[in-house]
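J.: Here is how the chains run, residue by residue.
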Amino acid sequence: MKIAVCLKQVPDTVDLQLDPETNTLLREGVQAVLNPLDAFPLEAGLRLRERTGGTVTAFSMGPPMAVQVLRKAVAMGVDDGVLLSDRAFAGADTWATSLALARALAKFGPFDLILCGKQAVDGDTAQVGPGIAAHLGLPQATYVTGIEVLEAKCLRLQRLFESGTAVLQAACPILLTVLKQANEPRLPNLAGRRRSLAFRPKTVTAADLELAPEEVGLAGSPTRVVHVASPERRRGHLRIEGEPAACSRQLREQLAAWGFAE
Amino acid sequence: MLVMGEELAGQGKYLADESRRSGYADALVLPRSTAEVCAAVRVAIARDWPITVSGARTGIAAGAVPEGGMLLSLERMNRICGLRKLDGGRLAVRCQAGVSLKELQSSLRRCKFSDESSWEQSSRELLSQLRESPCFFPPDPTETGASLGGVVACNASGAHTFRYGPARPYVQGLSVVLADGELLELERGQARADADGHFFRQRADGRRERGRVPRLSPPSTKNAAGYCSGPGVDLIDLFIGSEGTLGVIVEVEVGLLPQPGCASANLIFLPSEGAALDLTESLRSRRDELKLEAIEYFDAGSLRFLRTLRRDLGATSGVPECLPAAAECAIYLDVGAEDDELPGIVESLCRAVAAAGGNPELCWSAHEEDERERLRCFRHALPEAVNQRIAMIRRDHPGVTKLGTDMAVPDAQLRAVVALYREKLAEAGLEYLIFGHVGDNHLHVNILPETPEQYERGKRLYLEFARRVVEMGGSPAAEHGIGKLKREFLELLAGAGGVAEMRQLKRFLDPGNRLGRGTLFA
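Chains as they are written, first to last, in our numbering: chain U, 1 to 262; chain A, 263 to 784.
Don't take each hint at face value.
Now the stretches of chain A that chain U is said to cover, found in silico as 3 or more residues with beta-carbon under 8 Å [as the list claims (entries may be wrong)]:
#, segment
1, 344-356
2, 579-585
3, 604-610
Simulated DEER-style distance windows between Cβ atoms [claimed, not checked]:
#, chain 1, residue 1, chain 2, residue 2, range
4, A, R677, U, E241, 35 to 43 Å
5, U, W258, A, R304, 45 to 53 Å
6, A, A562, U, G53, 40 to 48 Å
7, U, C247, A, R371, 27 to 35 Å
8, A, S544, U, G53, 33 to 41 Å
9, A, A616, U, D19, 49 to 57 Å
10, A, D377, U, L218, 45 to 53 Å
11, U, A219, A, R371, 39 to 47 Å
12, A, A616, U, P63, 31 to 39 Å
13, A, Q391, U, D19, 26 to 34 Å
Keep in mind that the hints were calculated from the coordinates and are not lab data.
Note that the Cβ used here is the ideal one computed from N, Cα and C, for glycine as well.
Given these sequences and hints, build the entire structure.
T.: Next comes the structure, spelled out in structure tokens:
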């Protein structure tokens, strides 16, 4: 099975801060990491390859430093990586991003299976995966928690909803967005680390993908960010500290004050 | 702040430490400054109270557990006081004794100190040097909640002691309040005992008294048993590792090292214990070349224990699902190197692992912070699970405690000591696991007694191991200290004559036996 997995590099959310004036992300000194939700489709791809054979190729679009997430993927076991990097891509919204990724996937494909995370933790749109499927004219299944290979290129999928799960059968080629419930990602391995340190990605530009200037970056983006604001904080938390007996008394009183019966 | 009488009843946490032993006190004092410590010592003298010094109570030899008198907790002395440039250009940081290791490490990482606005100008000017070339404090005891005073008083070690040594060589300066309430300022290199071990103390009133440091030569291994000894000892070293018995350490100045550019944590799975010992010996001879900071061992029993933990608790166990089913044992390696050195190091590691019978495709190699955090959780899951298991056993048998050894031997004795452990434990029919600092030949044997009878058998074995380790030229108390729980090991190591010399030094500095009563000596 020929599998592709799409990865995004995002700022580490551990100590994220917003500029109080502009409400934009303060990126200075913030580590860049693999979008945590992309580790699950990556692991899903590697497990499918272990069962069915074939290859896994990782794709990422971003500045040259985004090669780091491809290196991590190589250390975990992917066979190859493609980096879409071009100043012309800057400012791309989900439409322009998914178009560029779709072109790259077509150029290096065709793939039997394209795997994406549910969403990136910096943009939170959950649109790029479905966008790629639309640009490629492929069927898609989102919120996938289970992938089973039934026979050659036929899959049984499990999708998770708030009210339950759905099981469906689908034929390849298909694009899936995979949830964190699907698996527990492996740690990179030593031999993979050796390969990753020597790894050079295939780098492609807008021109390589035959994308016109009006199709990429800001020009190719039908949406604009007009305002960014922090959401109103609706939930708080109460921390109770001290000796256990006093803590439990305080907790009991607080629960009673909130209207929970004893 | 002074807490006495009935108010003390609500302060039970101060009376126990991680040894789970609990004591009693007549008064609890929580000073904020050196002057307050001096005053507290004078109060204790006036009331004829012994004084037990306490930091973050993370010790596991009950050194901070009081046996009456004054409990002097330094937890509120938590200011980082400033930076200084040492001869040779290295930076040193001065802290009050109650600063936690975690606080110091994270402040150094961020190059930001909560008290820096109150620092002297010369200190603040060094902040830019620190930002340009980040530095760290190498000692890494597992419990990062430990206080700096405790780290120094116990000469703490950790996994990285393999590369960087224990806390001792990093201590550049100490402020110590002595048992008579006088403040002593010490700086490394300023005062040494002479070739016979003699030194002088000049008192504030002008009197000059002659003391003597113990003469015995300590083992060449890691060791945390008793006072630093030998001719020409730097007097600052007497207080490092003295476990609160010679003075109250109120401020410490520690030297820093340049932070390596990148860190790599690796778990190497191997087919046999022999393969693990082979790999350990081949790697430690290349410590500098491969920039190895730690070599740790997980034996077959440890991996079994971790697999069970994973099966019972799933992902919350901290044990990754990808733990290979076939692995017999594992070696953990920390590497601290510069970016351009890493490809060569990883290449060498792959070859060494393959030569030892391991498969590099199945070994974990964590470089990014989130990956290393997962490995850290994995490593810590084991001792925590052992403690939980013991807690379960204690429900039925409250007299049973953990029997975890803390013994190191010289390099040449590693295989002999492992063979000794295996033979004796199999003979005794006890459940156990072995893990720890194999790079320093310092393995922790954890015996898991299920009954009081097994516990007694385990204790006898523990003592036998200690005797044999001393015969091998090792230390029976390599990092956790003697405290109140392992006093018999001090005599085992130092002999009756050695202990008498240590007592003589103790009497010289603390004639009333006021400090740390019950620690080191009965």
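J.: Indicate, hint by hint, whether the structure satisfies it.
T.: Verification of the supplied hints:
| no. | hint | in the structure |
| --- | --- | --- |
| 1 | 344-356 | violated (count 0) |
| 2 | 579-585 | holds (count 3) |
| 3 | 604-610 | holds (count 4) |
| 4 | R677/A / E241/U: 35 to 43 Å | 49 Å, violated |
| 5 | W258/U / R304/A: 45 to 53 Å | 51 Å, holds |
| 6 | A562/A / G53/U: 40 to 48 Å | 33 Å, violated |
| 7 | C247/U / R371/A: 27 to 35 Å | 32 Å, holds |
| 8 | S544/A / G53/U: 33 to 41 Å | 36 Å, holds |
| 9 | A616/A / D19/U: 49 to 57 Å | 50 Å, holds |
| 10 | D377/A / L218/U: 45 to 53 Å | 46 Å, holds |
| 11 | A219/U / R371/A: 39 to 47 Å | 42 Å, holds |
| 12 | A616/A / P63/U: 31 to 39 Å | 37 Å, holds |
| 13 | Q391/A / D19/U: 26 to 34 Å | 29 Å, holds |
Figure legend: structure checked against the earlier numbered hints; hints not met, in rising order: 1, 4, 6.
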